[in-house]
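Asker: Chains as they are written, first to last, in our numbering: chain Z, 1 to 265; chain V, 1001 to 1264.
Keep in mind that a hint or two might mislead.
[Unchecked claim] FRET-style restraints, in silico, Cβ to Cβ:
id, chain 1, residue 1, chain 2, residue 2, range
1, V, R1058, Z, D53, 14 to 22 Å
2, Z, L124, V, A1107, 44 to 52 Å
3, Z, T90, V, A1107, 35 to 43 Å
4, V, F1205, Z, L132, 20 to 28 Å
5, V, A1020, Z, I260, 30 to 38 Å
6, Z, A52, V, R1106, 58 to 66 Å
No wet-lab data here; the hints were simulated from the structure. The beta carbon of each residue, even a glycine, is placed where N, CA and C say it ideally should be.
Listed below, chain by chain, are the residues.
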Amino acid sequence: MNALAKYVYVGRTAVRSNMAYLGEVAARVFFLTVILYIFLQLWLVTYAETGADRLGGLTLAQMLWYLVITEAITLSAPAVALEIDSDVRTGAIAVQLVRPLSYPLYRLWATLGERAVRFILNALVGSALALLMVGPIALSPQGLGLFLLALPLAFVLDFMAYLAIGLCAFWLENTSGLVLIYSRMTMIFGGVLLPIELYPDSVQWLLVNLPFASIAYAPARMFVDPNAFELVKVLARQGVGIAIFAAIAAAIYAAALRRIHAHGG
Amino acid sequence: MTRLLDYLRLVWSYVRLNFAAQLEYRGAFVSQVVAMFINDLAWVAFWVLFFTRFPVLRDWNVSDVITIWAIATAGFGVAHAIYGNAGMIASLIAQGQIDVWMLYPRAVLPHLLLGRMSATALGDVLFGFAVYIVAVQPDLAHFALFTALVGSTAVLFVGFGVMAGSIGFYLGNATTLAQQWQFAMVTFSTYPATLFQGAVKVVLFTAVPALFINHYPVEALRSLSLSDAALAFLGSLGVLAAGVAVFHHGLRRYESGNLLVMRE
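Please model the entire structure based on the sequences and the hints provided.
Answerer: In structure tokens, the structure reads:
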């Protein structure tokens, strides 16, 4: 089995495993429903009070669909950092290391498989809710294609950050605090609740170019307002973000491996 | 009176012991408290950004929303720092862990609730008071009323947690359902009441009684209105009474798990 085929198999196994536990995945749908209902009310009032047709370049319907995508991406994030934390704390990572697999790549493909199932379910439910609440927005196959091109690297970028955080368990008693802080940085700096066009003008350029915006804002914006020229810039930013986070994770992983002491089993 | 003092001594002992247990893992404890503080701060940052762009939302301004967050986080924090098992009842029922609490010569519910302290809840308490003092800059009267309303909110969260968790007596494993119900309560509590109209408002008075957090306390603090404060307190006491009633009714249906395990 060649190297890539091994990891694709890991990803496929993660997809099948999550398909078997759709009930657990579906429990998150309730969260999505409550959040989308509240945001619909918030933006209904905001559009009515301002009298504007568009805010941040988006109509009310586009705003809700934008939030469907950002929430579907955010809520699809698996607890990979805590799983890595657990591997480190229990010593299970020592078993993983003797397997003919790279531990980070194994985790990456398993996470992508799990996340794909969760994202698709969230997006389907979110889309049904958005259709009920505000109706459809104009979508084209080309536009959907651009959105789907922006999505995988967003997931890889997010994974690299969680990998670096999970590996910090070699030094910290608990990494759940770091996970929470990172997820909130993604929420605020990454435009999960508010499109970056509605942030103060002075910070918009900086936020768009930070890695956080490449995770939720960029794909969601591509969904409601597809633009091939913009996609090139998004992919470039995602590539740079992945390179930076991967370099940080690699440095932590190399330092962490030197701390492992296995004594039989 | 003697019984009340006796119970307060028990509360103090549990809080001290639970806090000491948290400090055994000092690094983890501090990181969770700090992370929750930052989590709450991120939500307030969202509202500050929102109101920077749209200064007024149906007569509500950023100060009102910060007040909601201060009351909700501090109230939730006080509830779960002292009565940390309030959010765990469904899981205790599903795992047959109520047995151990029934063996003590004390009333089951008020004793059981004390069995755990949530580390992150302390971050909520710190955040709630800090953001109210720093962002709203209250005078003494407003601060005193705020503190009282934090108490009312804590009572409501405990009562609601007991009510949501007690459905486990009827459904068996209701852990996920209870969690989702409590999640809905926390979420609705932290958004301006003015957003919700019609039938949803009825839900927010009953099944998810968030209006006793995001409406009456804010109205009370806006104009130092004791009548609104009284309505907030009455609502909290009503939810607590409902929670206690459902728990005791459900407890009669409880069957021992015959679980042989050390209490955590």
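Asker: Take the hints in turn and mark each one as holding or not.
Answerer: Hints versus structure:
Evaluation of the 14 to 22 Å hint for R1058(V) and D53(Z) yields a pass: the beta carbon distance comes to about 20 Å. Checking the proposed 44 to 52 Å range against L124(Z) and A1107(V) shows it holds: the Cβ atoms sit about 48 Å from each other. Distance hint check: the CB atoms of T90(Z) and A1107(V) are about 39 Å apart, consistent with the given range 35 to 43 Å. A C-beta distance of roughly 25 Å is found between F1205(V) and L132(Z), which places it inside the suggested range of 20 to 28 Å.
Evaluation of the 30 to 38 Å hint for A1020(V) and I260(Z) yields a pass: the beta carbon distance comes to about 33 Å. One distance hint, 58 to 66 Å for the beta-carbon pair A52(Z) and R1106(V), holds here, with the actual separation near 60 Å.
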